[in-house]
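With the hints as constraints, model all of the structure from the sequences given.
So the sequence lines, in the order shown, correspond to chains A and B. Its first residue numbered 1, the first sequence is counted upward by one per residue in the working numbering. Its first residue numbered 71, the second sequence is counted upward by one per residue in the working numbering.
It should be emphasised that the hints constitute simulated quantities derived from the structure, not laboratory data. Glycine included, C-beta positions come from ideal geometry on N, C-alpha and C. There's no promise every hint is true.
A short list of chain B residues far from chain A (calculated; beta carbon distances all over 10 Å) [said to hold, decoys possible]: (1) Leu98; (2) Ala137; (3) Ala223; (4) His358.
Derived Cβ-Cβ restraints for the label pairs, each shown as a range [what the hints assert, rightly or not]: (5) B:Gly287 x A:Asn17: 52 to 62 Å; (6) A:Ser37 x B:Asp389: 33 to 43 Å; (7) A:Val39 x B:Arg207: 51 to 61 Å; (8) A:Leu31 x B:Ser353: 36 to 46 Å; (9) A:Leu45 x B:Lys482: 35 to 45 Å; (10) A:Ser60 x B:Arg536: 48 to 58 Å; (11) B:Glu97 x A:Asn17: 38 to 48 Å; (12) A:Val39 x B:Thr413: 18 to 28 Å; (13) B:Thr413 x A:Ser37: 18 to 28 Å.
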Amino acid sequence: MKVFGMTCDDCVFTVSNGLKSAGATDVFVSLENGTASAVVDDSVLSPQDLLKIPVFGEKSHYKAQVRKVE
Amino acid sequence: MNLGEEYDLVIIGRGAAAFSAAIKASELTSGQASIAMIGYGPLGGTCVNVGCVPSKYIIEAANVHQAQINTRYPGLTGVRTEVDFPALMESLREAVLEERRTKYSEVLRSYANIKVFDGKATFTDRNTVSVIGENGRKTISGYNFIIATGSSAKVNKIQGLQEAGFLTSETVWDINTLPKTLAIIGGGFIGLELGQSFSRLGSSVKIIKEHSTVTAGIEPELGEALMASLSGEGIEFMTGRKVLRVLIRNGKKVVVTSASSGNEEIEADEILVASGRTPNVASLGLDHAGVKFSERGIAVNGSMMTSNPDIFAAGDVVDQKYKLETLAAREGAMVASNMFNHTDKSIPMDQIPWAVFTEPQFASVGYTETEYTLRFGKAESRTIPLESVPKARILRKNHGMFKIVTDAETQKVVGIHVVSPYAAEFIIEGVYAIKYGLTYNDIIESSHIFPTVAEGIKLAAQSFTRDISKMSCCME
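Next comes the structure, spelled out in structure tokens:
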């Protein structure tokens, strides 16, 4: 995923926690690249659903877009 | 993909919708989204360069000139002053340049993530465009696209028109000679605004229209009121006339028209074609991108998404009822928000106000009585003349009308339409009334400033419940 709005390690922590709280596993967030990768069980949560979790929500400082699904 | 030419967001166009989208996307992503803005022609698009800004400039100048001649009040003698047309037009062009500099060119400096490309973009596949500019061809790819290429002056095929030469709302700003006689083909709001301005500055203006109304889709009685007012100051409306051809005779341009009464020739120094706007969809390669479109523009859903879910469209290029700068800018911002917030917000078109900046002005929001009746079954309406508004009598301006349309059962306001001085300034009351589902009683029970022209909306609301000619001043 491309993640917009991260500026520091605290942001990485917040985004990582947000993804994990939503049910994603193997979460890796890169401040340098502004990206995140995660594994989801798409029978429970689709990659597109991840974009609507609170940490990327309308009131959040962070925004995300799916770039690649494997 | 070539990483050096890959962007998070590619915006085709660089007018109001494009800028609004680019800035909103930048804000939402903390300036981290890489944005390519591709277009040609001056920055800012129609509004600032050839639309609202220059037209309102010449309208205001013409109004000042008119006020010097017709002071309206006994005891104040009118003075006919000279019009230095070249100087006026030079100042107009400078005003456009200044507005473009402050609201577009300099604004870009605040956004390092936005890169502007000069050239024409054509889709080569669903996420790539080829840009051809002065510096050659460039390929730009993106994960998201917004098409905001705007519209152009529509010029119908008329025999001899190209050979004779003509002006449009895009080229009229370059002239330095006031035409003594001006024939306007088409009488929509552009034709009316420019027609009145040129008439007030000294041109003899004839507006040639195929239809009998001034502008399609407006309340007929208000259209008639506006037309009567403009006719009253010397503009000649030639309605029910089809333009057959244009020719040059003895150095003059001649518009040959036909009507049920027979053919008629209109001779003029200059011809202004004001037949509306046409969306800029040609040469975009939309078929390659899987974007559906027609000659009316790009088809979108409520959230402005095209038939390709990665491509949105905003502004005049969209197949929609209104072509307005404010709507384009709002759509641009909304599209960026939908794109990065993953929302599907939409804009209710029945809450979009629009205006014609003639004098008197025409302003409207919501449904006409006919539109609402056809769609929902039953509407009620009340219309009052402008002369029933005290401020209008004080202004000694009596050409105009207020009309309120309501749902027959709920009494909720569904449309407000006005021909009056300052109508564009207070039509926002109608926007709020419709947006918040207000009834005519809600308007009656809201105090309006006395004396204002806007009080006409309250009087029109009161006319649902009583004979307003039997009311004392300001009573509820």
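Status of the hints after comparison with the structure:
With a cut of 10 Å on Cβ distances, Leu98 (chain B) falls inside the contact zone with chain A, its closest approach being about 6 Å. No beta-carbon of chain A is positioned within 10 Å of the beta-carbon of Ala137 (chain B); the least distance is around 49 Å. At the 10 Å boundary, the C-beta of Ala223 (chain B) stays outside the reach of chain A, the nearest C-beta of that chain being 37 Å off. For His358 (chain B), the condition that its CB be more than 10 Å from all CB atoms of chain A holds, with the nearest at approximately 22 Å.
A beta carbon spacing of about 54 Å between Gly287 (chain B) and Asn17 (chain A) agrees with the range 52 to 62 Å that was offered as a hint. In this structure, Ser37 (chain A) and Asp389 (chain B) meet the distance hint of 33 to 43 Å, their C-beta atoms being roughly 39 Å apart. A beta carbon spacing of about 41 Å between Val39 (chain A) and Arg207 (chain B) contradicts the range 51 to 61 Å that was offered as a hint. The hinted window of 36 to 46 Å between Leu31 (chain A) and Ser353 (chain B) holds, with their beta carbons roughly 42 Å apart.
Our hint of 35 to 45 Å for Leu45 (chain A) and Lys482 (chain B) holds, since their Cβ atoms are close to 42 Å apart. Checked against the hint of 48 to 58 Å, the C-beta distance between Ser60 (chain A) and Arg536 (chain B) comes to roughly 53 Å, which is consistent with it. Range check, Glu97 (chain B) to Asn17 (chain A): about 24 Å between beta-carbon atoms, so the 38 to 48 Å window is missed. Checking the proposed 18 to 28 Å range against Val39 (chain A) and Thr413 (chain B) shows it holds: the Cβ atoms sit about 26 Å from each other.
Taking 18 to 28 Å as the suggested C-beta distance range, the pair Thr413 (chain B) and Ser37 (chain A) conforms, at roughly 24 Å.
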